[in-house]
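> Sequence:
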Amino acid sequence: MLTIKNLKSKIAQSPYQAYVYSYPHKTAYRPLTPPVYLPELWAQQDRQALFLYIHIPFCEMRCGFCNLFTTVSYNEDFMNQYVHTLHRQAQRMKVVLGDASFARFAIGGGTPTQLPIQHLKTILNIAENTMGANLQEIPISVEVSPETATEDKLKLLRSHVVDRVSIGVQSFIDSEVLATQRRQSTTQVEATLTRIKEMGFPTLNIDLIYGLPGQTVNTWLQSIQATLRFQPEEIYLYPLYVRSLTGLGRTDKEWDDIRLACYREGRSLLLSKGYTQVSMRMFQRLEEGQGSNLPSSSPVYCCQADGMIGLGCGARSYTDTLHYSNEYAVGAKGISKILQAYIQTVDESFDYAHYGFQLNAEEQRRRYILLSLLSDEGLNCASYRQQFDSEVYADFPEFSELLAFNLAIKDEDILQLTEFGIERSDIIGTWLFSEKVQELMQDYELK
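Terminal number for the sequence shown in this note's numbering: 430, no gaps in between.
Among these hints, one or two may not hold up.
30 Å max Cα-Cα, derived BS3-like pairs, lysine-lysine [claimed, not checked]:
no.: 1; residue 1: K(-9); residue 2: K9
no.: 2; residue 1: K393; residue 2: K256
no.: 3; residue 1: K(-7); residue 2: K419
no.: 4; residue 1: K393; residue 2: K(-9)
no.: 5; residue 1: K256; residue 2: K(-9)
no.: 6; residue 1: K77; residue 2: K136
no.: 7; residue 1: K136; residue 2: K180
no.: 8; residue 1: K419; residue 2: K104
no.: 9; residue 1: K9; residue 2: K256
no.: 10; residue 1: K138; residue 2: K104
no.: 11; residue 1: K77; residue 2: K9
no.: 12; residue 1: K430; residue 2: K(-7)
no.: 13; residue 1: K77; residue 2: K138
no.: 14; residue 1: K393; residue 2: K104
no.: 15; residue 1: K320; residue 2: K180
no.: 16; residue 1: K419; residue 2: K430
no.: 17; residue 1: K430; residue 2: K393
no.: 18; residue 1: K419; residue 2: K316
Note that these hints are calculated values from the structure, not bench results.
Here the structure is a predicted model, which is why all the values come from computation and not from measurement.
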């Protein structure tokens, strides 16, 4: 029997304690002693439906809320070195993986379109020619920004059959954006969104943030209404989390907590406009005939079961038993040190995982549950039984508390969050973390 504690006390708190989107959290990673030899690790994996992710750590500015692994301190020579190193890493990983197939590909960051167009071409070529991803047949997602989504770069992405463009707008109110230490104007954002729509990308995703300095529920709804004018297929509504070492985290400001009211009003508006809620953050609008590059014969990626190959300094890679990456930092000095070490990595060192988290049987169960339960598909108890040869309620008898507190409902073999439970996804997520992971996160010293 596995232990999960203190749900009642957790749900009495603010729903916004920590942002949960994966498991285990990156602050639970530690140096691996000895390093893990990747050819042996990946030889034990099913490599026929992998997710390929390439990380570009460059941005034109550092937003006040951002704790991602990204830098604004670089020049052309440093970009050249980074892309060259990423290519070296990809060449080693292709040998490590052998006969592998990719079901999905994404370029994230940072801001991938911060790269000059010749480097952006190189990144796409690395995915297609070095790693062997069939870009004509799989879904491809690329993150862009209002300043960098130029016509020539968007044309390049569309020519490589990129079918999803994701853009962080955060707010259509200039004063709210300025308060986050972000340079962009609503006029510029609208011009960029118009350009993206005219290019004919099948899926446009727009990110918005609620709880920003000076924001009200009314201005939040104004931003959503402005977003709806561009008819995005996906909208992500992110609550503001003020984290250590970020620009907003260094201020003495007290934060008015209007986030729950913003979430509820925003959710209600999107549902009334025909969007479906996929998770606490994601809303999706699918019209008849709409879809991605994924043909019916292609393998469908399943985050609970399939692996991910991460290339680039800030990328993570996932197998059944090990999640690994480079070290993580938020502060400019820490990021610079890690980036320099990445560029200086000798080829042979890319054959090893040096930093990560080993998932034992319990942690694998927790990951499966967390990723299933926090999405609209819910936790399929029959699939859990097939995957782990055990019963979820025997492993986690405390799951009855989800039902008792109206956080979830059980329909036959599916456990799904209620509307109240979806609101508290981040609370439920952290409740599912093991004691080991919680202790590692608490002891982690943020750089």
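> Quick check: which numbered hints come out false for this structure?
5, 8, 9, 14, 15, 17
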